[in-house]
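Visitor: If you read the protein sequences in the order shown, they are chains A and B.
Using our numbering, read the first sequence as starting at 1 and increasing by one per residue.
Using our numbering, read the second sequence as starting at 171 and increasing by one per residue.
Hints may be right or wrong, so weigh each one.
In silico EDC-like cross-links for lysine to aspartate or glutamate, where the CA-CA straight-line distance does not exceed 16 Å [claimed, not checked]: (1) B:K348 / A:D59; (2) A:K52 / A:D83; (3) A:K52 / B:D194; (4) B:K236 / B:D194; (5) B:K348 / A:D83; (6) B:K348 / A:E50; (7) B:K236 / A:D59; (8) B:K236 / A:E17.
Calculated directly from the structure, the hints in this document are not laboratory data.
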Amino acid sequence: MDKDRNALFERLRHRLEVAGGDPARWPDGERDDLLAFIGRDDAARALWQEAKALDRLLDRAAPPAPDAARMERLGGRILAGFDAGAAAQNSGVILAFPGRKAPFVASRGRGLAAAAMAASLCIGVYLGSFGIGGWTLDPVETLAGLPVDEDRVADLGEFIVDDDEMGDLL
Amino acid sequence: MLSGGGRGGNSSDDELMRRIGSGDAAAARIVVEQQLAGLVAMARGMLRSDNDAEDIAQEAFVRLWKQAGEWQPGRALIRTWLRRVAANLCIDRLRSQRTRPIAPEEDWAVAARQQAGIEERQLVERVNAALADLPERQRLALTLCHYQGLSQDEAAATMDISIEALESLLARARRTLKAALATEWRGLLPDPIDEE
Numbered sequence: 001m002d003k004d005r006n007a008l009f010e011r012l013r014h015r016l017e018v019a020g021g022d023p024a025r026w027p028d029g030e031r032d033d034l035l036a037f038i039g040r041d042d043a044a045r046a047l048w049q050e051a052k053a054l055d056r057l058l059d060r061a062a063p064p065a066p067d068a069a070r071m072e073r074l075g076g077r078i079l080a081g082f083d084a085g086a087a088a089q090n091s092g093v094i095l096a097f098p099g100r101k102a103p104f105v106a107s108r109g110r111g112l113a114a115a116a117m118a119a120s121l122c123i124g125v126y127l128g129s130f131g132i133g134g135w136t137l138d139p140v141e142t143l144a145g146l147p148v149d150e151d152r153v154a155d156l157g158e159f160i161v162d163d164d165e166m167g168d169l170l
Numbered sequence: 171m172l173s174g175g176g177r178g179g180n181s182s183d184d185e186l187m188r189r190i191g192s193g194d195a196a197a198a199r200i201v202v203e204q205q206l207a208g209l210v211a212m213a214r215g216m217l218r219s220d221n222d223a224e225d226i227a228q229e230a231f232v233r234l235w236k237q238a239g240e241w242q243p244g245r246a247l248i249r250t251w252l253r254r255v256a257a258n259l260c261i262d263r264l265r266s267q268r269t270r271p272i273a274p275e276e277d278w279a280v281a282a283r284q285q286a287g288i289e290e291r292q293l294v295e296r297v298n299a300a301l302a303d304l305p306e307r308q309r310l311a312l313t314l315c316h317y318q319g320l321s322q323d324e325a326a327a328t329m330d331i332s333i334e335a336l337e338s339l340l341a342r343a344r345r346t347l348k349a350a351l352a353t354e355w356r357g358l359l360p361d362p363i364d365e366e
């Protein structure tokens with residue numbers, strides 16, 4: 001009898017340590033047995049009261065509900081991030097040219113990436129034909145015909161490449 | 171790599187992810203509306219900071235958008251995947267905070283304390299301090315199960331551990347808290363006379 005009682009007490013202790021004092025959070029197969037045990041055993045009832053007291057203490061430190069307006073702004077930022085990513089993927093726009101602060105503006109279409117690669121290849125071949133020693137390399141932008149002044153975004157308009165013009169570069 | 175650790179997926183989640191992978195903004199909005207509140211609540215519970223929780227939530231969604239094209243149908247629930255990513259980010263954030271000065275408390279924590287009486291404020295501070303002292307994974311397990319009300323199955327799936335491992339974390343967390351806050355919880359025991 002004591003052995004059964006001790007085993008049940010340990011089962012109760014384990015369940016309280018894992019799930020706390022709320023019987024709704026105990027497994028369906030254990031709940032009725034444990035509640036019946038609590039009902040007839042003083043030590044079991046005391047242990048259950050301690051678990052419920054700890055639960056109440058933890059609940060006192062629960063974070064308050066978040067500000068609704070703040071959550072709405074967060075949701076907006078998250079969706080804006082999705083929209084920007086999807087738009088960039090669909091348009092083929094390069095959002096930033098390496099080493100530049102200003103974005104490189106280009107028309108829609110996937111030709112821009114290929115144009116940049118082709119230009120890089122041409123530049124690389126040009127540089128390679130002269131070797132490296134003794135030469136001061138100009139910024140890539142000047143070699144590619146782009147303004148070095150990164151603030152002169154308006155000047156980039158002359159470098160817009162349409163898909164129809166791509167054929168001239170390849 | 172997106173997988174749910176064998177916890178099973180959901181056809182509507184799979185369809186949403188397929189649409190998101192195709193750039194469908196409406197599908198992205200649905201996922202945000204369904205998942206954001208729970209995700210932020212979990213991160214707030216772990217980090218006790220609105221700013222940090224929002225950073226974590228935003229990063230978790232960014233990762234979801236990036237990986238949408240590789241979503242494996244039937245392998246995971248979006249909710250579980252997001253929570254798992256956010257939970258790992260929270261743990262990383264907590265570990266990094268152990269080595270740098272603690273930032274000034276968030277407005278909501280300060281405001282809440284200002285509204286409460288002195289004793290209540292001190293009580294909450296002691297509980298928060300005890301929670302902060304828990305190992306990160308015990309804290310996460312307790313946050314998921316006690317504060318977020320997740321079932322053990324859901325919490326174990328989020329942490330990608332077995333039920334037994336989860337129960338071990340929870341039991342150790344509660345034992346530690348019970349010892350650390352003995353004076354505090356004893357003060358909340360019912361008066362024996364009330365039970366007669």
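Visitor: Next, verify each hint and record whether it holds.
Guide: Now for the hints, and whether the structure bears them out:
no. : hint            : in the structure
1   : B:K348 / A:D59  : holds (14 Å)
2   : A:K52 / A:D83   : violated (47 Å)
3   : A:K52 / B:D194  : violated (47 Å)
4   : B:K236 / B:D194 : holds (13 Å)
5   : B:K348 / A:D83  : violated (48 Å)
6   : B:K348 / A:E50  : holds (9 Å)
7   : B:K236 / A:D59  : violated (37 Å)
8   : B:K236 / A:E17  : violated (40 Å)
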